[in-house]
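A.B. asks: Add chain B to chain A, keeping to what the hints say.
Each chain, letter by letter, is given below.
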Amino acid sequence: MTREHPGLFLAPAAVTLGAVALFPALAVLWLSLEERSPLLAAARFVGFDNYTRLIADARFWNALANTVYFSAVSVALEVLLGLLVALLLARAFRGRALLYSIILLPWAIPTVVSARLWEWLYNADYGVLNYLLGTHVNWLGSPGWALHAAILMDVWKATPFVALLLIAGLQTIPRELYQAAALDGAGAWTTFRRITLPLLVPLLLVVLVFRTIDAFRVFDAIYVLTGGGPANSTETVSIYAYKVLFQALEFGYGSAVAVSVLAVVALLTAVYARLLRGSMT
Amino acid sequence: MKLVRGMGLILVAVWSLAPFAWLLITSVKPTPELTQLPPLLPSAATGAHYLAVFTGHPFLRIIANSAVVAAASTLLALAIGATAAFALARLRVRHAPLILAAILAVSMFPPIATVSPLFLAINAVGLRDTLMALIVTYTTFALPLAIWLLTNFFRQVPVEIYLAARVDGCSAFQAFTRVILPLSAPGLIAAALLVFIFCWNEFLYALSFTSSPAARTIPVGIALFPGLHVVPWGEIAAASIVVTLPLVVLAFAFQRRIIEGLTAGAVKG
Numbered sequence: 001m002t003r004e005h006p007g008l009f010l011a012p013a014a015v016t017l018g019a020v021a022l023f024p025a026l027a028v029l030w031l032s033l034e035e036r037s038p039l040l041a042a043a044r045f046v047g048f049d050n051y052t053r054l055i056a057d058a059r060f061w062n063a064l065a066n067t068v069y070f071s072a073v074s075v076a077l078e079v080l081l082g083l084l085v086a087l088l089l090a091r092a093f094r095g096r097a098l099l100y101s102i103i104l105l106p107w108a109i110p111t112v113v114s115a116r117l118w119e120w121l122y123n124a125d126y127g128v129l130n131y132l133l134g135t136h137v138n139w140l141g142s143p144g145w146a147l148h149a150a151i152l153m154d155v156w157k158a159t160p161f162v163a164l165l166l167i168a169g170l171q172t173i174p175r176e177l178y179q180a181a182a183l184d185g186a187g188a189w190t191t192f193r194r195i196t197l198p199l200l201v202p203l204l205l206v207v208l209v210f211r212t213i214d215a216f217r218v219f220d221a222i223y224v225l226t227g228g229g230p231a232n233s234t235e236t237v238s239i240y241a242y243k244v245l246f247q248a249l250e251f252g253y254g255s256a257v258a259v260s261v262l263a264v265v266a267l268l269t270a271v272y273a274r275l276l277r278g279s280m281t
Numbered sequence: 001m002k003l004v005r006g007m008g009l010i011l012v013a014v015w016s017l018a019p020f021a022w023l024l025i026t027s028v029k030p031t032p033e034l035t036q037l038p039p040l041l042p043s044a045a046t047g048a049h050y051l052a053v054f055t056g057h058p059f060l061r062i063i064a065n066s067a068v069v070a071a072a073s074t075l076l077a078l079a080i081g082a083t084a085a086f087a088l089a090r091l092r093v094r095h096a097p098l099i100l101a102a103i104l105a106v107s108m109f110p111p112i113a114t115v116s117p118l119f120l121a122i123n124a125v126g127l128r129d130t131l132m133a134l135i136v137t138y139t140t141f142a143l144p145l146a147i148w149l150l151t152n153f154f155r156q157v158p159v160e161i162y163l164a165a166r167v168d169g170c171s172a173f174q175a176f177t178r179v180i181l182p183l184s185a186p187g188l189i190a191a192a193l194l195v196f197i198f199c200w201n202e203f204l205y206a207l208s209f210t211s212s213p214a215a216r217t218i219p220v221g222i223a224l225f226p227g228l229h230v231v232p233w234g235e236i237a238a239a240s241i242v243v244t245l246p247l248v249v250l251a252f253a254f255q256r257r258i259i260e261g262l263t264a265g266a267v268k269g
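Going line by line, the protein sequences match chains A and B.
Residues in the first sequence are numbered consecutively from 1, following this note's numbering.
Residues in the second sequence are numbered consecutively from 1, following this note's numbering.
So that you can see chain A by itself, here it is in the shape it has in the complex (with noise of 0.2 angstroms):
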């Protein structure tokens, strides 16, 4: 036989994902240190400097609690209402493929729609919530609604997803188990106790680690929906790096910024590759 150099196949996946992949995401541990606008090629080494403002700034620390905040409460929603779903959908019945299909749309449309389709919803003047609800309330406008109009729209669209992978996970799972639990006379509640729940946390753990993950990068859903407003009130880490990076043009404390998601991010993911790890033993 020939011999197989399977370098040259990844060759072009390796190039590809150095360059417009890792060296940014290196990159911009340099510009960190930097002080440089976007577009004038002048940029200053200051050393750690965007750092150190970055401890002191009460808006980096508002967007921080906000953000913790988003991720906790729609990811545990999500988990908690997709294990619902995923276990009323997991059993055949007569249209069951045409409901997948329905709950893959909140999903699958882009983001952006879907938040101009909730700032709709929740207007205050003319929403169709407020009339449902024959309420008078400004949901995006007023601090203590907002954040949470964006966590049910999160919740509305992640919780398809999260069911999906559940669904999944309750289909691996043997069907003589819950044979041997019904000859042995276990209810609906002990059979879910005892045999789907503990074999289910794997899965749920992989699940709830990737959503944290995604929900703590959010930054579409937010911009459109309130663009951080009221009074910083929804406003992420993601949207203040956006806004100091491309509004306040200032590229390096930006960075800085971006480098805080970054780590997070990169903390949340070694864990995530440890379960995933475990859940493949």
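Rather than coming from a laboratory, the hints here were simulated on the basis of the structure.
Hints are not guaranteed to be accurate.
[What the hints assert, rightly or not] The calculated label-pair distances, taken between Cβ atoms and stated as ranges, are:
hint, chain 1, residue 1, chain 2, residue 2, range
1, B, Val4, A, Tyr131, 24 to 30 angstroms
2, A, Ala58, B, Arg128, 30 to 36 angstroms
3, B, Pro42, A, Ala270, 16 to 22 angstroms
4, B, Leu17, A, Leu40, 47 to 53 angstroms
5, A, Leu39, B, Pro42, 32 to 38 angstroms
6, A, Ala231, B, Arg155, 48 to 54 angstroms
7, A, Val137, B, Val4, 29 to 35 angstroms
If you're wondering where the values come from, they're calculated on a predicted model, not measured in any experiment.
Just so it is clear, CB atoms sit at the ideal spot from N, CA and C, and this is done for glycine as well.
C.D. replies: Quick look at chain B alone, frame taken from chain A:
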């Protein structure tokens, strides 16, 4: 119990669909009725918003941009990704699990953390406000997804088939293109669909790298929908319906493949 289940299923369907229904209703409501509730339903359906979307704005151009960017990126990501995935699945690659883990890490990169250096690089090579900038970026960031999915699918093709092709005198590359690829068509379709959806929906890079309708894609077009004093909700709804349609078609036509792709990574590992 059966009744509770049935009601639960209906609730899930309504919860998923109701916002779309409202979008559809909004898109055919005459403008004066948009600011009136009740009634929920329009007195008569109008096509005015759809007409306005296609005549008043460079909307067709934006749709074409998205189609070109998503199609080109999907093609490139699949070609490059399949080649790498084949090596990882079937050839003797040292540290293959480590390489896959590194690729997974890349897929987690927050776009906000790479956007500033990429912006500078794209600006430096004169690609700002071009579709090419988006194609290069999307191809790269879709690669991890493509490689993970395809490695998984290629591994499901029995190794004996690959070895038989090799014994019959195929080079590794021929065995890949003539034997493994055709046998993995369902996996390729699943990967293509997910990559296409990713590219069609991407927002942050598109927002940062483009500045004119010449290179704008759909998400940016929808997010920055022009409206001077009043937000044109009817037109936004109509535009949203138009750009959502392709995805609705995909979701219904390829439901099984999309779900297969979605779950392949997380469940089978």
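A.B. asks: For the hint 30 to 36 angstroms, verify it against the beta carbon of Ala58(A) and that of Arg128(B).
C.D. replies: holds (33 angstroms)
A.B. asks: Do Ala231(A) and Arg155(B) keep their Cβ atoms within the hinted range of 48 to 54 angstroms?
C.D. replies: holds (52 angstroms)
A.B. asks: Starting from the range 29 to 35 angstroms, see whether the pair Val137(A) and Val4(B) falls in it by beta-carbon distance.
C.D. replies: holds (31 angstroms)
A.B. asks: Assuming the hint says 32 to 38 angstroms, is it satisfied by the Cβ distance from Leu39(A) to Pro42(B) or not?
C.D. replies: violated (47 angstroms)
A.B. asks: Verify the CB-CB distance for Pro42(B) and Ala270(A) against the hinted window 16 to 22 angstroms.
C.D. replies: Given a distance of about 53 angstroms, which is not inside 16 to 22 angstroms, the answer is violated.
A.B. asks: For the range 24 to 30 angstroms, tell me whether the beta carbons of Val4(B) and Tyr131(A) fit it or not.
C.D. replies: Since the Cβ atoms of Val4(B) and Tyr131(A) sit about 29 angstroms apart, the hinted range of 24 to 30 angstroms holds.
A.B. asks: Do Leu17(B) and Leu40(A) keep their Cβ atoms within the hinted range of 47 to 53 angstroms?
C.D. replies: holds (50 angstroms)
Hint compliance for this structure: hints 3 and 5 are not met, and every other hint is.
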